[in-house]
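A.B. asks: Sequence:
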Amino acid sequence: MAELRLTLYAAASDEGALIDALREPVEGAIHVRKETVHGRDFSDASTAERVTGKLDRIAIEFICPAERLDSIIAAAKQSRRSYPVRWLATEIRMSGRLS
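Residue numbers for the sequence shown follow the UniProt record's numbering, beginning at 1 and rising by one.
The hints are simulated quantities; they were obtained by calculation from the structure and are not laboratory data.
Heads up, some of the hints might be wrong.
[Claimed, not checked] Pairs of lysine-lysine, DSSO-like flavour, derived with a Cα cap of 30 Å:
| hint | residue 1 | residue 2 |
| --- | --- | --- |
| 1 | K54 | K34 |
| 2 | K54 | K77 |
| 3 | K34 | K77 |
[Said to hold, decoys possible] Estimated spans, in silico, between C-beta atoms of each pair:
| hint | residue 1 | residue 2 | range |
| --- | --- | --- | --- |
| 4 | R33 | Q78 | 36 to 46 Å |
| 5 | G96 | A17 | 25 to 35 Å |
| 6 | V32 | G96 | 17 to 27 Å |
Virtual Cβ for every residue (Gly too), placed ideally from N, Cα, C.
Hey, can you work out the whole structure from these sequences and the hints?
C.D. replies: Right under this line is the structure:
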């Protein structure tokens with residue numbers, strides 16, 4: 001069974017809505033990082049972010065079975081968020097735990 005590391009990039013204000021939507025389909029730990037994005041692609045930006053040129057984002061990251069990808073993306077799509085979400089799935093070749 002192939003595993004993926006799925007990362008969702010979203011507006012910081014949508015964190016609660018996305019976490020609520022992901023709790024059911026995601027079985028493992030869900031990690032959230034705060035990020036500041038600088039750049040020229042403002043298609044996902046709020047009006048305030050367009051003015052400052054700085055996007056306040058979060059990266060939500062977790063490991064999931066590859067066959068759950070479609071249901072997880074569907075849950076994120078159906079969440080009560082205000083802004084678009086970008087996502088990236090990366091195949092995990094190996095992982096482990098050191099104690």
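A.B. asks: Please go over all the hints and tell whether each is borne out by the structure.
C.D. replies: Structure-based check of all given hints:
This hinted pair checks out: K54 and K34 have alpha carbons roughly 13 Å apart, not beyond 30 Å. Between K54 and K77 the CA atoms are separated by roughly 24 Å; this keeps the pair inside 30 Å, and the hint holds. Restraint check: the Cα-Cα separation between K34 and K77 comes to about 21 Å, which is no more than 30 Å; the hinted pair holds. A beta carbon spacing of about 23 Å between R33 and Q78 contradicts the range 36 to 46 Å that was offered as a hint.
Between G96 and A17 the Cβ separation comes to about 33 Å, which falls inside the hinted range of 25 to 35 Å. Taken as a hint, the range 17 to 27 Å holds for the pair V32 and G96, whose Cβ atoms sit roughly 23 Å apart.
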